[in-house]
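Going line by line, the protein sequences match chains A and B.
Take any residue in the first sequence, count from 1 to its spot, add 2: that is its number in this note's numbering.
Numbering follows this note's numbering, in which position 72 of the second sequence is assigned residue number 55; successive positions increment by one, without gaps.
No lab work stands behind these hints: they were computed from the structure.
Any given hint might turn out to be false.
Unchecked claim - Listed next, the in silico DSSO-like pairs over lysine-lysine satisfying Cα-Cα at most 30 Å (straight line): (1) K126/B <-> K82/A; (2) K77/A <-> K143/B; (3) K25/A <-> K77/A; (4) K25/A <-> K180/A; (5) K126/B <-> K202/A.
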Amino acid sequence: MNKEFNNSYSLSKQDVFNVLVDKFRDEPKIISLAENARAFYMLAQERGIEKTCFPMLGSMGQEVSMGLGVALGLKGRTEKKTIVISGDGSFLANLNLLTTAAMLEPKNLIIFVIDNEVHGITGGQPTATSHIALDHIATDCRFKSKVVATREELLGVCDTLRAEVGPHFVQIKVNRDKPPVRSLQNSPAQLFSQFREYLKSISG
Amino acid sequence: MSELPRTQSNSIIQGLEASGIEFVVYLPDSTIQHILSHFNERPEVTLIPVAREEEGIGILAGLEAAGRKGVFLIQDSGVGNFLNTYITLAALYQIPMLTIAGRRGGFHEINRANAAFGEVAPSIMEAANLRTFTLDYTVPLAKWSYTVEHGYQYAQFMQKPILLFVNLKDQNNEQGI
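So here's chain A without its partners, still in its complex pose (with noise of 0.2 Å):
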């Protein structure tokens, strides 16, 4: 353990950011904290959909957790899907969420997960995802799981997210560069409100 652990995909954060930011543009998105969280968000106020996003501050993999929550409560009331973007590191701490998820089946949620096997913002620690198959847990936890590790492949499986029912789980294998990030300068307040105010303008 006590070795500078680095990995050889050729996929970055920001390339995967880049994707689905485009590619799900229109979709509520929950992002996990930290890294991921303030480089998607920046990335989205670029693009001018800051207020489709809900970054977590804190709450380590609770992400999934809400987005389970946003997930059925939009059920019925629009053809939207929720997307989560979590990350190796953040989606371990919450792994039990998958378990609660197999007894509700979540037909219109989807979960990405960006995998660089290491905890990246704390100083490249590794997670266990280089041992493990996250697919396969997700799979026997009813989800339909895919693991992408090119951007060709990452945008095949997006143009079938949408079209196919789910609940879907996307691992997507990237190398350790990080991507440009900016300190979030609302107030968390302010984001939940400006979320909930998208949210119910998409519902039904």
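Here the structure of chain A is known, so what remains is to put chain B in place on it, guided by the hints.
Only chain B this time, still in chain A's reference frame:
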């Protein structure tokens, strides 16, 4: 609203029904099972079982964001499992939600392990500056459904999470001891 015999559990049920609850998120405690059984028979209410209490806070936050009415039912020791998410998501983002925690601390407890955290749960919530209310022998049973209903409204008005400790250990005692 259901017409039910006057007991502590039924009073809570009536308060939740008066609030128009659509989702009951729960990690069960034996003292709240009658409430869960009641809503299990109601097709208009969706029950959401969670494996750990912090999940429930996240799910309730999502339901609130989607404009739906939910409540969270737990054992009071569950406070220890959800405290981080309660503070860094529910309280920080000013998300209204109502949690009802069945008391294992307090009168009529028979299990010392359950009581170990239950005894300190109210103090922990207070130390974290988190708002709670309590239903026990000090509150006349006639006021229980009112408290539940207004607890839900208070959370919405204040835009914050509210927790209601309820002592349901002696179901035969009308005074709620």
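Hint-by-hint comparison with the structure:
1. K126/B <-> K82/A: violated, 43 Å
2. K77/A <-> K143/B: OK: K77/A and K143/B at ~25 Å, within 30 Å.
3. K25/A <-> K77/A: holds, 21 Å
4. K25/A <-> K180/A: holds, 21 Å
5. K126/B <-> K202/A: violated, 34 Å
Consistency with the previously given hints fails for numbers 1 and 5, ordered from lowest to highest.
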